[in-house]
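Asker: Chain by chain, the residues:
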Amino acid sequence: MSDHLDRGKSLRIGVDTGGTFTDISLYDPATEELHVWKVSSTTADPSEAIADGVKDGLDAYGHDAGDVVYFGHGTTVATNALIQGRIARTGMITTAGFRDVIEIRRQMRPELYDLQMEKPEVLARRDRRHEVRERVNFDGSIRVPISEEEVREVIARLKDQKVEAIAIGFLFAYLMPEHEALVKRLVAEEMPEVFVCTSAEVAPEYREFERFSTTVVNAALGPVMQGYLDRLKPRLEAHGISPRPHLTQSNGGVISAQEAANFPVRTVLSGPAAGVAGALEIGRAAGIEDIITFDMGGTSSDVALIDKGRPQLATDAEVHGHPIKVPMLDIHAVGAGGGSIANVDGGGHLKVGPDSAGAVPGPVCYGKGNEQPTVTDANVVLQVLNPTHLLGGRMEIDQQKAKAAIARLADRLGLGVMETAQGIISVVTANMAKAIRVISVERGYDPRDYVLMAFGGAGPVHAARLARELEIRRVLVPRNPGILCSMGLLLTDLKAYFSAGRMTPLRPESAASVQNDFSGLQRQADDWFDREGIVAADRSVTRTADLRYHGQAFELSVDCPEGEVDERFLDELRSRFEAAHRQVYGYISSDEAISIIALRLVATGRVPKARLKIHPPATGPVSDAVIGSRYVWLPEAGSFVACPLYDRAKLAPGHVVPGPAIVEQMDSTTLVLPGQSATVDAVLNLLLEEND
Amino acid sequence: MSDSTMLWPGNAGIDSITVEVIGSALSTIVDQMGKALIRAAYSANIKERRDCSAAIFDTEGYIIAQAQQIPFHLGSLLDITKETLRRVDISTLREGDVFIGNDAYNGGSTHLNDIVFLEPVFQGGRIVAWVANIAHHSDFVDRGHAHIFQEGLRIPPVRLYRSGELQQDVMDLVLLNCQVPHERINDFRAQMAANRLGVQRYQALCVRYGIDTIATASDMLMDYSERKARAGIRRIPDGRYSFQHDFDTSLWPDILSLAVAVEVRDDELWFDFEGCPPQTRSGLNMVFTMLQACVYYVVKTLIDADTPANAGFHRPIHISAPLGSIVNSVAPAAVYSRHDVGQRLIDMMLAAFSQAIPDRVPAGSTGVTVMTMSGVHPGTGRFNVYNESMGGGMGARLTLDGVDGIHVHGTNSANIPVEALESEHPLTVDAYELIQDSGGAGKFRGGMAIRRRLSPVGHEATVNLGGPLNRVPAWGLDGGLPGGLARIELGEGVRPLSGRNGILAAGQMAAAVTSGGGGFGNPKERDRELVRRDLQEGRISDKVAREIYGLD
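Those protein sequences? They're chains B and Z, same order as listed.
Quick note, the first sequence lines up with residues 1 to 692 if you use our numbering.
Quick note, the second sequence lines up with residues 1 to 552 if you use our numbering.
Quick caveat, the hints were computed from the structure, so don't treat them as lab data.
Take the hints with a grain of salt, since some may be wrong.
[Said to hold, decoys possible] With the C-beta cut set under 8 Å, the calculated list includes, among others, these residues of chain B facing chain Z:
1. Phe98
2. Val101
3. Glu103
4. Arg109
5. Leu115
6. Val122
7. Arg125
8. Glu208
9. Arg437
10. Glu509
11. Ala553
12. Ser623
13. Asp624
It should be emphasised that the depicted structure is a prediction, and the values quoted were computed from it without experimental measurement.
Note that the Cβ used here is the ideal one computed from N, Cα and C, for glycine as well.
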């Protein structure tokens, strides 16, 4: 890190796009000033809101676009495309005899006892999956050579079918990628406008179904992501912002826009992963290591578990039923957001979500034409949310419209308006609690041992009730809950992940080849550091190896010792593997051979990070922060109860807000329930705790 | 009041949330036991096909949690703890004792390949629970099936470990009877690991909540399952429903006529298998626990898939089957291919229920086609066994097509990825595909069958290949047509199989063609758009589109 920084000359920007809002943060390392703001998302082309929002903010805070040196980006473009099925018309070229591998999957059914279950639809239709004769053996040798002529015939058919993307997946391509590479070259020649990717590039691991699935998802997303980035770059440049965007990938690392365009499948959890990274840093600053993150936006809620400071990685990651073989955090999403629409189902039960009113038209109370009541409308009617305006006065709210919409729903249910509004909250809370049980209870963690960290615009509104439903006693609401994901982009170092997969026996003769592989990874890391402009002092790498007994199918990952790879290094690796195996399975097999399956290197580039400012303790009483009071419907009382209204900006370390209370701020609203108190800590987090 | 509140009547000293948390923790433990087993195992049948299950039992031997993997295994573990408790003097049990067993007539499992590891959990100096796991071992191949003595080593529950000490002599005896001992020993280690994990996790749960709280919660979970089962049964109209089916399989020369009747009375079910043929001199027979597994599977699909898999669920279900029949065999009847009959029985029970609840039941589905190849690996010189079971087409539903190319009902084992298969076995896979026109036509189409073609590399292999539904197809419902028949395809120069057995020289090919699912409703009423799409995607031929579906 350079020690000499001029004010405003090395600005860092983080942008997180959600379905409803685009959140932007700006950090100036010279002054350690952090600014955050949000704008409505432009769903049709998210890059529009980004570029304009960034520009407006820079102007508002008196900064020059030319001084931006870093642009970090978390995006839901890939995820939304998959959810909404707005994907490219995708074809596939595969080994003769195997076009149905991707459809038969592992021949297992997803639900064991559900006679109405279905397989997720394959993203490349059967008639767009074409076979060519070619075959590679298990040792990488060629059994059936590929014919260029035949490939060109297949490409001609795909051309007739007007596909926009092509996935190439051949058996054993992770060992012998040349056949796939040849097809890719020919596709590029014949159909230069088409997005094309190979299984060996996207997910170079054995097990053909999982590799092909990842490749097809990548292809289906390719044109979507490419189009998006192609629009984003010129828009930013038009405003004078020149650094290439960096995108958060699903494991929390950062990749270049080019890499994201080539491998969009790595970004399916981009936005949420940035949120988890942000939560981790906030937690670290607050001395909290066991966290359940609860990120509730307009469309959905994302939840994840951080145990002892380590976010959990997903082992069998699937996105919308498609296995994805790229490293991902274990983040679970549920269609429960502020914009989730409440309805009555066929059985007469109240249902909330997954349909969402999104940013446009948004909840009924926005007055932009939606007539179906949403979660936000319920909160406006209950007056948990401000009944006249939101976003610090920047958005007018029409409570009467919201009330009328809920009254219509109440009629159908035969309930009162307030009961119906509260019912919407109860249903959505139950949906979110279920999502948290998936990542905690179902994985063997008791949610009661964790702090619920609530963020996203709607998180703090619902956190207290959600925590009670799960018997979680502490809730942490960060200072800027509405823009935590975009802040996460500025709170973390740059991380890139490199790996080499090659099965090598763990024995002294392998030292040279392991050293060689690690040297290759180190070179890739050095190139990356160079591209990122990270100076030597700020570079660090950690090396790990995935090992297993030769006959097993699943690896254990262990940290590698420092230094050159020699016999001592490999001995140490063996004993670390044995220790890990003993810990996980309770035994070792000293008579069995061990294989190295993959070598990995994580490169961390230290960058100027936004730091959470320590604030001086409060000088006045908490009552100084009270800006009024509002009647809020509390089911505990069965009536409207006058609740004091606090201005978050006026709360200082040491202040204690007794519930019931409402804490308002520009980007969110926090509800403190009767029986709870909220304490302000040194970095201005609100910590809600049960009184008893 | 929500549905779940009603199902949780208060119990002194323990709240419903604690019960739920403990219930989830128990199912997490069995789930993790299953995962540890898969991750540590050596043989493809366990690590890739996941043909294994895990369970926790209370001190009386009732299942309180079971990993949801293979429904047939619901039966394989039913009696193991109770049988062990009958056999041993409980005062001789020590922490670290581990039983191994597999005999279908001695509590073990439902066929000899399923080897169980069972271990008591001690806490505070006494047994508080039992953990067990079962794995199908690809071994005991190329055998006769006239009676169970031909089918492999029979192991009653015996101690493989005493106080944590391996009984090497017992292990030596078992391994000497295995054809692939190197795989067995390493799979056994994985099974030990799974149980050890279960023991530790259960003990940790005891420390956290107290032994008595967990015991009470376990009882409440069983009561809860029972209430859910009864509530579900009550939603099925009372009456007696029956179904008869001419069952054919390549293991038996004649058609076997199977019969099932089910009586729904308020909140209880009475299954009656009177009329099923006597046990056979073949591997087709089922022991009673296997029949129980089939029945429990059916009931679970019809009432509530989310009901915890524990013994409480079994209480309102009554089963009667003639002793010594093919569905309730007595020793020494052979049982290796019990899934052949099991899959058909499940389909038949569903068909009987379709008379009462047609909207919830699919048409007839595929069975299980099995393929085993064994021989001396040309690379290692060791004896090699490859084993796989193949699914096919699921029957169509009232408003949905049947699922194409999938394992149905009693089994759910995965395929072996070609890239794993060819790396470990001296075999090549030459095709793996769905079969045109194999899905029974209907307003909703039955699922498509699978073709999987293999040949041995560099050695001569003994092959065992086949399944049911070769002559009598899976039925359609409500005017839907039956699914495609199963068959075997043999490459040039291969001598016809005798029953399921034959020899393949290096490079010679054999393929399994499995069966398709039956259709639902009149094919002429199928949405024209769907017919056109099926045609376009090659799922049906031109001829079928025109002649059966009437597409112009």
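Asker: Would you pick out the hints that fail for this structure and give their numbers low to high?
Answerer: 6, 10, 12 and 13
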